[in-house]
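**Q** Go by the hints and put chain W onto chain P.
So you can see what is in the structure, the chains are spelled out below.
Protein chains: 2
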Amino acid sequence: MDGLQLRTLAKDDGTLELSLERVPVPEPKDDEVVIRVDATPINPSDIGLLFGAADMSKATVTGSGESIKVTAPVPENLRRAMAPRLGQSLPAGNEGAGEVVKAGANAKHLLGKIVAAFGGAMYAQYRTVRAADALEMPPGATAADGASCFVNPLTALGMTGTMRLENHTALVHTAAASNLGQMLVKICKADSVPLVNVVRSDAQAKLLRDIGAVHVVDSSKPSFMDDLIAAVTDTGATLGFDAIGGGRIAGQILTAMEVAAARKGGGAFNRYGSSTHKQVYIYGGLDTGPTELNRAFGMAWGLGGWLLPLYMAKIGPAEVDKMRQRVAREIKTTFASHYTKTVSLADMLKPEVIALYNRRATNEKVLVNPNA
Amino acid sequence: MDGLQLRTLAKDDGTLELSLERVPVPEPKDDEVVIRVDATPINPSDIGLLFGAADMSKATVTGSGESIKVTAPVPENLRRAMAPRLGQSLPAGNEGAGEVVKAGANAKHLLGKIVAAFGGAMYAQYRTVRAADALEMPPGATAADGASCFVNPLTALGMTGTMRLENHTALVHTAAASNLGQMLVKICKADSVPLVNVVRSDAQAKLLRDIGAVHVVDSSKPSFMDDLIAAVTDTGATLGFDAIGGGRIAGQILTAMEVAAARKGGGAFNRYGSSTHKQVYIYGGLDTGPTELNRAFGMAWGLGGWLLPLYMAKIGPAEVDKMRQRVAREIKTTFASHYTKTVSLADMLKPEVIALYNRRATNEKVLVNPNA
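Each protein sequence line maps, in turn, to chains P and W.
Count along the first sequence from 1, add 2, and you get the number used in the numbering used here.
Count along the second sequence from 1, add 2, and you get the number used in the numbering used here.
Okay, chain P solo, but in the shape it has when bound (with noise of 0.2 angstroms):
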């Protein structure tokens, strides 16, 4: 038995090259299953590997259907960071699911299941995985309700678990209405936990407040800093997390908050600033841009890089499962994702899809089915 996978080679004369390798389906060990791939969503953390530093404005294809080969340069000066990928064809693709078609000798209550799973190599028309890797989707969901159980809702879930874990009571999150802040909206409602969203247009805003947000804050407006700081000390906001990354929003974000705790202290000067912990997480890199920070929020706040395998180590496997169970209980309601386009994997290579998903677009998702 073999299938489709997608590659993604970083080469020594400064090129990126995609392309589908046929590739054996290893056969399932005891503890393990087949799935089949119908679904697998291209995630912002998908494309970093994928185009790694590649600048895919100016790839070329050649082939087409099962050869397909998409070339692209990366430019001189970001070569370096690919330095340690050259030479190495990797797979890509975070998560999906499908039905399971083969199955070990202590898996096989789970043949003709629909599972999703997390764990790369997802771009493929069959992927072997640990059966404890599986999770099994309720009654009545497809693959395509299950291909983005894990990226998304489990950063989700850990945003209000870090919440709790780091002693605070309130969020912030940017690039609001994607998908993932869509759910945090949800999990938000569900849990009591007050959030603000910070969108970029009043669609984005609109589209939060239809599903119960209560503060919504949209940078593109001239009063942005004033709605911010508003609505961080309605909530009491003291942890924010953001997708984008570069510019000036994690630095916005922490003054909002020192104005929110000074007004709060009472308004005696205190010449280092709050005393308050002020903490921001970058979690994605929307604008791979340099991250500026001014500094005018005292002494007493943090930034950081927040990665979910990271998260989860630090929690442990009986906290993530639970993570787990809660997603595949609500898969149809929290955790519903939204796709613009479903494509098969020759299709993702085309430069005109790879233009459509490489632009990363807030509420613009592309969902792969390997088995169209």
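Careful, some of the hints might be misleading.
The list cannot tell twin chains apart, which means a pair is met if one copy fits it or any two copies do.
Claimed, not checked - Derived pair list, reagent style DSS-like, types lysine-lysine, alpha-carbon separation capped at 27 angstroms:
1) K266 / K316
2) K13 / K266
3) K188 / K316
If you're looking for bench data, these hints aren't it; they were derived computationally from the structure.
**A** Positioned in the frame of chain P, the structure of chain W alone reads:
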């Protein structure tokens, strides 16, 4: 009994005014003492309170001696940051030392002793403090010896303390040729902590090597990044303390740590970077410009503010007292400070003296003797 006290006042008209006021000296309560302040240093952390956002290059002076008055404009766009202190005539001076000239009933044993104190308003001829806050100097130590007992020594000790608390094993330090940096070199040598010193000239490098520094890298050299990576690899440093704040240095330290971690990881490609947590704390602002991060250091990183009083609150009074006692014991060795110039309170407000200490040059430091 009264004495002169320096005051700094941000006025409604957009100017900052510095002056000397003659103020009554509070009689000591049972648990208090009055110190005749004979030596108090001008630290970078004092300058922020002294001048706020005022443009001191445009300062004008009226009067002389006790009636000297300095007025400087606050640029329009920086006035918002000064709003919380508008109209408040504030004393300044974080620390200092001198002879106990009056003592309450329970503090008579300190009469005539040289003590050091921390707690603001030390740019004054007399200062009444709690006896518990007066750190008695060992025999033979002068007020000048004890003047800088707190800010630099406790900050330097706080760096190695933070290192242990957060499970790091080596440090990177910027502006490393400062008085504080020299203390840190001696502490790390005594306590066997590997330390990477970042300096900005050959002279600074020599100064540190002469007192026993092993790893010294010069950020003014073209080979800086390579040198930093080599030193971070050698020491295994995953924690940095940055006195500069603005610019790219904090990010460069994180980048060097990430390269070192990736090498240690054996070179296997990890798309999200190493899982080694890399941390830099900004504890000063020698460069008040924005901090710029290119985020080329994976996802396991943190940047934050570090402030001595917050650190002391975290570790609690018993640990703080251990630090204080170590400082007193080693005040003439590990914690010895060097001053370029000693001035009076009135001299401190002369434009040419302001120009000297407002440069915040790494190895130039002014001591004030309010009773000169």
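**Q** Does each hint fit the structure? Answer for all of them.
**A** Now the hints, each set against the structure:
| no. | hint | verdict |
| --- | --- | --- |
| 1 | K266 / K316 | between (33 angstroms within a copy, 22 angstroms between copies) |
| 2 | K13 / K266 | between (56 angstroms within a copy, 24 angstroms between copies) |
| 3 | K188 / K316 | within (25 angstroms within a copy, 36 angstroms between copies) |
Checked against the numbered hints given earlier, this structure breaks none of them.
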